Amino acid sequence: MLGTLIKYEFKATWMIMTLICGVLIGAGVVAGLVGNFLNLNSPTLTDMQELLLTFGVIGYAMLVSSLSMLSAVFLFVHYYRSLYTPQGYLSFTLPASITEVVSSRIIVGCIWTLASTLATFFSVSFTFMLSGNFKEIVTFIDEAYATIIEEVGAASTNLIIFEFILVFILSSISKMLMYDYSITVGQLWSKHKILGAVICYFATQFVMGIISFTGHFGLMFAAFESSMNFTMRGWITKNLLYSVFLCVAFYGVAIFVSNKKLNLD
Amino acid sequence: MNNLLEIQGLSKTYDRVQALTNVNLSIGPGHITGLLGPNGSGKTTLIKIICGLLQPTSGAVYVDGMPIGTESKKVISYLPDQTYLNDNMTVEATITMFRDFYADFDMNRAYNMLTNLGINPKFKLKTLSKGTKEKVQLILVMSRRAKLYILDEPIAGVDPAARDYILRTIIGNYDPSASILISTHLIADVERILDEAIFLQYGNVRLYQPIDTIRSETGKSVDELFREVYRC
Amino acid sequence: MPWILNASGPIFVQLIEHLQNNIVSGKYDPGQKLPSVRDLAFDAGVNPNTMQRALSELESTGLVHSETTSGRFITEDKKMIDELRASLADSLKQEFFINMGKLGFSEKEILQFVNQNSTAK
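One line per chain: the protein sequences are A, B and C, in this order.
Residue numbers for the first sequence follow the numbering used here, beginning at 1352 and rising by one.
Residue numbers for the second sequence follow the numbering used here, beginning at 416 and rising by one.
Residue numbers for the third sequence follow the numbering used here, beginning at 14 and rising by one.
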């Protein structure tokens, strides 16, 4: 039954989400081509070119961030509507367990979050590659990469990069899970369920703030005391574990609360 | 014979308001039972608990001997009092969806009813009137071969001509071993297809009797009795 | 004849009256097979259990009998049908006299009134 549920989740979301991902990648291609056409690498830029560059960069950044925000909003609105409005009367009376119904939403949400994160990544990459601009940044990344390889070896470096990408993806997924979890926990309020979701979101944000604050500072103090122990690897691995923990915790709480306290009134 | 619906000591409290108080009911197979009561008497709350959409504060519900869960949902065909379909879907897509989810769904029956009511399956739900949407939902629900049909205000939004068709569809389609629980305000319209009535008041079962017993004991129709019992 | 049911009085009693009328008026022939309970209920727009009860009552009077495999049949006893017809007509007549009496008609006036009605046609 989970398979059928997931199939219908994709049917309900694919149009908007493919559009968002497509526009993200398309914007990257266009930005790259425009950059290339303007030839911004020449040592002397006219005022006009500088103006275009500034607005172009700002515009592109705004577009990308608003699109990823749009995808997050679309996904959590879909989660809310399909479970906690009258549509939930159908969702929760299908011959499937509550765990399956909620999981199908979360799984498809994760897949789309992954897709839009990748689309953002490709969008930015295309901008760089096609424009042939921003040579300094590319050189800087190359140099940094070489330095790390010198320090820890090629195999470790690739692992670090892999872990870094994983942390990046997991943290965007954990953000999405946090919205879903907040919406579900908000249902525990007997009235003002949306207010409940907002309160839950900020309370969780606060707790997470404390955790990462102590985490980072603890790490820094530890680094001062024995500077040998502080490694890039260690830092990334800790972040990775933290992201995994957040994902599991948000998912677990959402499923638990749905099973014990589902009340569509 | 095993009861299709068994409710024992069911209570539900919302935010300190008692919506249901110690409700006990047993409905056997082969009945069309009216769940009657004024607004706020607990009809919808009771229905939602049976369908697993609300958690009871105390008490137990068994459907065909099973507690509320995945197995009970397989045998209940539920029509809520609101539109619960995604407005962006076509009528056809909702039918395919029901076929994919419910093993007991009968496609032919659904398409026959759509034809009889003159509903174009290619239309998107958002282009349909409120009454037509209700008809589509009722068609979906009645096209299943379920054991227990639970219809919350099934004819409230449809015109009298369609009402008659719908009520006949209900009697014509259900299997004699299945039961139907209908909650409604429109008692006069529905009365003749019922064989039992439950009167709810302030979250309690005030009366649970066969229709003809009510009629011969009181000399009144259930509709008249209802107006008398709940006179304001 | 459509099934017209009143707001008061048990529904199964009204169904019995309707079926009796159909039998004595010849809409159903003696010995004819009746439609199934489900079809009759659908036709009348009533609950099948109520229709079942009405048919069971008719069976107990002997007007209808059921064969376990082939369904329900109207009795072939024409005398029984005629008697029922006579008794139904008789009770209507009694009722008519009573009601006319309430309007202040004497028996003689009633008979006169009925005769006028038939000559007027």
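Hints in this document: simulated from the structure, not taken from any laboratory.
One or more of the hints may lead you astray.
[As the list claims (entries may be wrong)] Below 25 Å or equal to it, Euclidean Cα-Cα: the simulated BS3-like pairs (lysine-lysine) are:
1) A:K1362 with B:K541
2) A:K1358 with B:K545
3) B:K537 with A:K1362
[Unchecked claim] Cβ-to-Cβ under 10 Å is the rule here; a few derived chain B residues that face chain A:
4) E486
5) S492
6) N501
7) N503
8) P536
9) F538
10) K539
11) L543
Small disclaimer: the values here were computed from a predicted structure and weren't measured.
Just so it is clear, CB atoms sit at the ideal spot from N, CA and C, and this is done for glycine as well.
Against the structure, the hints come out as follows:
1. The straight-line distance between the Cα atoms of A:K1362 and B:K541 is roughly 17 Å, inside the 25 Å bound, and the hint therefore holds.
2. A distance of roughly 28 Å separates the Cα atoms of A:K1358 and B:K545; the hinted pair therefore is violated under the 25 Å criterion.
3. The hinted pair formed by B:K537 and A:K1362 meets the criterion: a straight-line CA distance of about 17 Å does not exceed 25 Å.
4. Interface restraint check for B:E486: the shortest CB-CB distance to chain A comes to about 8 Å, inside 10 Å, so the restraint holds.
5. A hinted interface residue such as B:S492 counts as satisfied when its beta carbon comes closer than 10 Å to some beta carbon of chain A; here the least separation is about 9 Å, so the hint holds.
6. Residue-level restraint check for B:N501 holds (minimum Cβ-Cβ distance to chain A is 6 Å; threshold 10 Å).
7. With a cut of 10 Å, the hint placing B:N503 at the interface with chain A holds, because the nearest CB-to-CB distance is about 8 Å.
8. Hint status for B:P536 relative to chain A: violated, with the closest Cβ pair at about 17 Å, above 10 Å.
9. Taking 10 Å as the C-beta contact cut-off toward chain A, the hint placing B:F538 at the interface is violated, the least distance being around 18 Å.
10. Violation of the interface hint for B:K539 is found here, the shortest Cβ-Cβ separation to chain A being roughly 13 Å, above the 10 Å cut-off.
11. Restraint check, B:L543 versus chain A: the minimum CB separation of about 16 Å is more than 10 Å; hint violated.
Checked against the numbered hints above, the structure breaks hints 2, 8, 9, 10 and 11 and satisfies the rest.
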